[in-house]
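> Sequence:
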Amino acid sequence: MQIGIPAETRPGETRVAATPETIRKLAAGGFNKIVVQSGAGAGSSITDAEFVAAGAGIAASADEVYAGAELVLKVRGPEAGELAALRKDQILIALLAPYRAEGLQALAARGVTGFAMEWLPRISRAQSMDVLSSQANLAGYKAVMIGANTYGRMMPMMMTAAGTIKAARVVIMGVGVAGLQAIATAKRLGAMVEATDVRPDTKEQVESLGAKFIDIPLTEAEKELAKGQGGYARDMGDDYKKRQAALIAERIKQADIVITTALIPGRPAPVLVTEDMVKTMRPGSVIVDMAVEQGGNCPLSELDRIVVRHGVHLVGIANLPALVAADASALYARNLLNFLALMLDPKTGEFKLNREDEIIVGTLACIGGELARQ
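Reading the sequence shown from the start, the letters are residues -6 to 367 in the numbering used here.
No lab work stands behind these hints: they were computed from the structure. A hint or two may mislead.
Stated by the list, open to error - Just the calculated beta-carbon pair ranges, DEER-fashion:
{"no.": "1", "residue 1": "Lys205", "residue 2": "Ile158", "range": "34 to 44 Å"}
{"no.": "2", "residue 1": "Lys272", "residue 2": "Ile51", "range": "27 to 37 Å"}
{"no.": "3", "residue 1": "Arg298", "residue 2": "Glu200", "range": "30 to 40 Å"}
{"no.": "4", "residue 1": "Glu200", "residue 2": "His303", "range": "29 to 39 Å"}
{"no.": "5", "residue 1": "Glu200", "residue 2": "Asp56", "range": "35 to 45 Å"}
{"no.": "6", "residue 1": "Gln120", "residue 2": "Arg298", "range": "51 to 61 Å"}
{"no.": "7", "residue 1": "Lys272", "residue 2": "Gln120", "range": "49 to 59 Å"}
{"no.": "8", "residue 1": "Arg181", "residue 2": "Asp350", "range": "34 to 44 Å"}
{"no.": "9", "residue 1": "Asp338", "residue 2": "Lys205", "range": "44 to 54 Å"}
{"no.": "10", "residue 1": "Gly145", "residue 2": "Ala60", "range": "48 to 58 Å"}
{"no.": "11", "residue 1": "Lys205", "residue 2": "Glu95", "range": "40 to 50 Å"}
{"no.": "12", "residue 1": "Ala334", "residue 2": "Lys272", "range": "49 to 59 Å"}
{"no.": "13", "residue 1": "Gly156", "residue 2": "Arg3", "range": "46 to 56 Å"}
We put the CB at the ideal spot given by N, CA and C, even for glycine.
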């Protein structure tokens, strides 16, 4: 079976779906031909020569990659111009944005067998394949670094002969993988960190990293809802949102940097920081809105822009992992390598779709001209 790795076409997408490390392992695992588009690794500081040394062939164009490949590995799902290159029964593994049904329908219409890595079940056996976690981890780190760089003051407390500089106050909203990494990074930079999440069981995680948990009292019904599903938070309802907003508003007034990470799969991002809250923040403060691609946790955020509103810098960079592409690609490629191992017979090297494996079934988006989930 021939594997193809085309270059990513979305503006600003610097990652690549395979690295020399994973190509060597794929070749050792039974994939006898791997073809990479020339320049596909440039954004991740990987040269064509490194891919060749690992055992891959180099194709001059994306069309050449698609024409020969039975299995295509990508970071992002194909754009309109790429769809025509896909053919019936070709296997595609990527971040397919599966909650946008029109994209999956277009793939199904081409007869493609598509796997959406966003749908990977959040179970122990799948941790080494979890692309959302690996990329969110890097995004949480980068969000803090961009926030610190945008903020016009120091992060740690500094005592000097000329006087003392106070530590920056950082509020992190949403304590998933990205939020936990943001807490750890902000603490390493010397900031005073507070964090909040609808899931009360995250309090222990927050405090273990040395941050203060902003505790919002829950009713009994809300406690059950707050457990979330698949590692994600749920919409908690209007009453909770009012209490949350009142408490968070007080913290935001004092914050120098706010990082928001709250997402609900398949739905617009919840609004956590209103315009009225932004107006109360000190001039020069920063909001890094990691949910901007799904509408944003702050309505003033603008996609892929840094803007100033009411004296506050709003950072709306959507693809934060692409800003650390070498590491992001290394982790993403390993995730795909581990995922592919589920479909490769260790004895014969034969590629099989085990429709009884919950990980394979969970990620399968389309097959045989139809959507796998209706």
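> It remains to establish, for every hint, whether it holds in the given structure.
Cross-check of the supplied hints:
A hinted range of 34 to 44 Å is violated for the C-beta pair Lys205 and Ile158, which are about 21 Å apart. In this structure the hint that Lys272 and Ile51 lie 27 to 37 Å apart at CB is violated, the actual value being about 54 Å. Distance hint check for Arg298 and Glu200: the Cβ-Cβ separation is about 35 Å, which falls inside the suggested range of 30 to 40 Å. Between Glu200 and His303 the beta carbons are some 32 Å apart, a value that agrees with the proposed interval 29 to 39 Å.
Taking 35 to 45 Å as the suggested C-beta distance range, the pair Glu200 and Asp56 does not conform, at roughly 54 Å. Checking the proposed 51 to 61 Å range against Gln120 and Arg298 shows it is violated: the Cβ atoms sit about 34 Å from each other. Roughly 42 Å separates the CB atoms of Lys272 and Gln120, a value that falls outside the hinted 49 to 59 Å. Separation of Arg181 from Asp350 is about 39 Å and conforms to the stated range, judged on CB atoms against 34 to 44 Å.
Distance hint check: the CB atoms of Asp338 and Lys205 are about 51 Å apart, consistent with the given range 44 to 54 Å. Checked against the given bound of 48 to 58 Å, the beta carbons of Gly145 and Ala60, roughly 52 Å apart, stay inside it. A C-beta distance of roughly 43 Å is found between Lys205 and Glu95, which places it inside the suggested range of 40 to 50 Å. In this structure the hint that Ala334 and Lys272 lie 49 to 59 Å apart at CB holds, the actual value being about 52 Å.
Distance hint for Gly156 and Arg3: a CB-CB separation of about 48 Å, consistent with the stated range 46 to 56 Å.
Comparing the model with each earlier hint shows violations of hints 1, 2, 5, 6, 7; every other hint is respected.
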